[in-house]
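Protein chains: 2
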Amino acid sequence: MLNHVINLDRIFHALADPTRRAMIERLGRAPASVSELANPMSVSLAAIVQHVQILEASGLVRTEKVGRVRTCRLDAGTLMQAERWLEARRGEWNARLDRLGEYLEETTHPPTPTPKKGQK
Amino acid sequence: MLNHVINLDRIFHALADPTRRAMIERLGRAPASVSELANPMSVSLAAIVQHVQILEASGLVRTEKVGRVRTCRLDAGTLMQAERWLEARRGEWNARLDRLGEYLEETTHPPTPTPKKGQK
Numbered sequence: 010m011l012n013h014v015i016n017l018d019r020i021f022h023a024l025a026d027p028t029r030r031a032m033i034e035r036l037g038r039a040p041a042s043v044s045e046l047a048n049p050m051s052v053s054l055a056a057i058v059q060h061v062q063i064l065e066a067s068g069l070v071r072t073e074k075v076g077r078v079r080t081c082r083l084d085a086g087t088l089m090q091a092e093r094w095l096e097a098r099r100g101e102w103n104a105r106l107d108r109l110g111e112y113l114e115e116t117t118h119p120p121t122p123t124p125k126k127g128q129k
Numbered sequence: 010m011l012n013h014v015i016n017l018d019r020i021f022h023a024l025a026d027p028t029r030r031a032m033i034e035r036l037g038r039a040p041a042s043v044s045e046l047a048n049p050m051s052v053s054l055a056a057i058v059q060h061v062q063i064l065e066a067s068g069l070v071r072t073e074k075v076g077r078v079r080t081c082r083l084d085a086g087t088l089m090q091a092e093r094w095l096e097a098r099r100g101e102w103n104a105r106l107d108r109l110g111e112y113l114e115e116t117t118h119p120p121t122p123t124p125k126k127g128q129k
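Chain order of the listed sequences is A and B. By our numbering, the letter at position 74 of the first sequence is numbered 83, and the numbering carries on one by one without gaps. By our numbering, the letter at position 9 of the second sequence is numbered 18, and the numbering carries on one by one without gaps.
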């Protein structure tokens with residue numbers, strides 16, 4: 010449970026930066042080397058390496074070094090963790106709106122009371 | 010577009026803290042005053058006020074002060090912005106896996122070549 014909390018902290022922190030989101034968008038299309046990730050960006054390779062480390066610590070990105078090339082790929086399962094948390098909040102919110110709607114329906118259109126036995 | 014980027018920065022930053030996520034979980038069930046948000050938390054009221062300010066700056070929470078009571082409510086539309094961004098990444102990733110699956114299917118079970126006209 011605690012690990013889950015720490016992981017959501019790291020995932021959302023990793024997502025809070027526009028360069029890291031751009032890197033995730035790039036990796037969503039296909040795996041890429043660190044250099045390929047750095048090429049279209051207007052920041053230094055050193056900065057990209059730091060961003061990769063933050064993405065890797067969050068679990069959003071997995072990397073593998075073969076020879077001199079480190080290849081990065083998206084971990085869709087980690088992306089799902091964040092998505093599920095948001096979906097759960099929205100689910101609760103919608104359920105609340107449904108209950109509110111039912112309440113308003115009942116108070117503005119109360120059901121016709123059935124006459125009691127013996128009533129004229 | 011720039012506003013959208015800044016907003017995602019703020020939304021994900023707001024979500025990166027366990028106390029703020031707990032506050033959002035609470036507000037997902039129903040609106041609450043700042044004091045009601047602070048009650049179950051093990052942090053000071055002053056800290057909760059700061060968290061409310063960060064949540065409000067992100068657009069995830071709207072507040073309204075009536076008399077001495079500030080009521081906080083979730084903005085489900087802002088929550089959706091974050092969810093849509095994540096969904097879009099997952100969509101791209103799944104599309105990539107589908108293409109990869111098709112490619113593997115074609116290379117392991119290549120279609121029988123149709124004989125050219127004139128071939129015996």
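Since the hints were derived computationally from the structure, they do not count as laboratory data. Incorrect hints may appear among the rest.
[Claimed, not checked] Far from chain B by the CB rule (all over 12 Å, computed), these chain A residues: (1) Leu36; (2) Ala55; (3) Thr80; (4) Gln90.
[Claimed, not checked] Coverage of chain A stretches by chain B, computed from C-beta distances (three or more under 8 Å per stretch; other residues unrestricted): (5) 24-35; (6) 99-107.
[Said to hold, decoys possible] Simulated DEER-style distance windows between Cβ atoms: (7) A:Ala56 with B:Asn48: 39 to 49 Å; (8) A:Val58 with B:Val75: 25 to 35 Å; (9) B:Leu113 with A:Asn103: 50 to 60 Å; (10) B:Leu106 with A:Glu114: 40 to 50 Å; (11) A:Ser42 with B:Pro40: 14 to 24 Å; (12) B:Ala55 with A:Ala56: 34 to 44 Å; (13) B:Gly100 with A:Gly100: 14 to 24 Å; (14) B:Glu115 with A:Glu115: 57 to 67 Å; (15) A:Ser42 with B:Val52: 37 to 47 Å.
Values in this document were obtained by computation on a predicted structure and should not be read as measured data. Backbone N, C-alpha and C define an ideal beta-carbon position, used for all residues, glycine too.
Going down the list of hints, with the structure as the test:
Not every CB of chain B lies more than 12 Å from the CB of A:Leu36, the least distance being 9 Å, so the non-interface label is violated. Annotated as non-interface, A:Ala55 keeps its C-beta farther than 12 Å from every C-beta of chain B; the closest such distance is 22 Å. No Cβ of chain B approaches the Cβ of A:Thr80 within 12 Å, the least distance being about 15 Å, so the stated non-interface status holds. With 12 Å as the threshold on Cβ separation, the claim that A:Gln90 sits away from chain B is violated: the shortest Cβ distance comes to roughly 10 Å.
Residues of the region 24-35 of chain A lying with their CB closer than 8 Å to a CB of chain B number 7, which satisfies the three-residue condition for coverage. Chain B is given as covering the region 99-107 of chain A, and this holds because 5 residues of the stretch bring a CB closer than 8 Å to a CB of that chain, at least three being needed. Remark: the range hint 39 to 49 Å for A:Ala56 to B:Asn48 is upheld by a beta-carbon distance near 43 Å. As the Cβ distance of A:Val58 to B:Val75 is approximately 51 Å, the hint placing it in 25 to 35 Å is violated.
A hinted range of 50 to 60 Å for the beta carbons of B:Leu113 and A:Asn103 is inconsistent with their spacing of about 39 Å. Here the CB-CB span from B:Leu106 to A:Glu114 is close to 44 Å, well matched to the stated 40 to 50 Å. Range check, A:Ser42 to B:Pro40: Cβ separation about 48 Å, and the 14 to 24 Å hint is violated. The beta-carbon spacing between B:Ala55 and A:Ala56, approximately 35 Å, falls within the hinted interval of 34 to 44 Å.
Checked against the hint of 14 to 24 Å, the C-beta distance between B:Gly100 and A:Gly100 comes to roughly 20 Å, which is consistent with it. Between B:Glu115 and A:Glu115 the Cβ separation comes to about 59 Å, which falls inside the hinted range of 57 to 67 Å. As the Cβ distance of A:Ser42 to B:Val52 is approximately 43 Å, the hint placing it in 37 to 47 Å holds.
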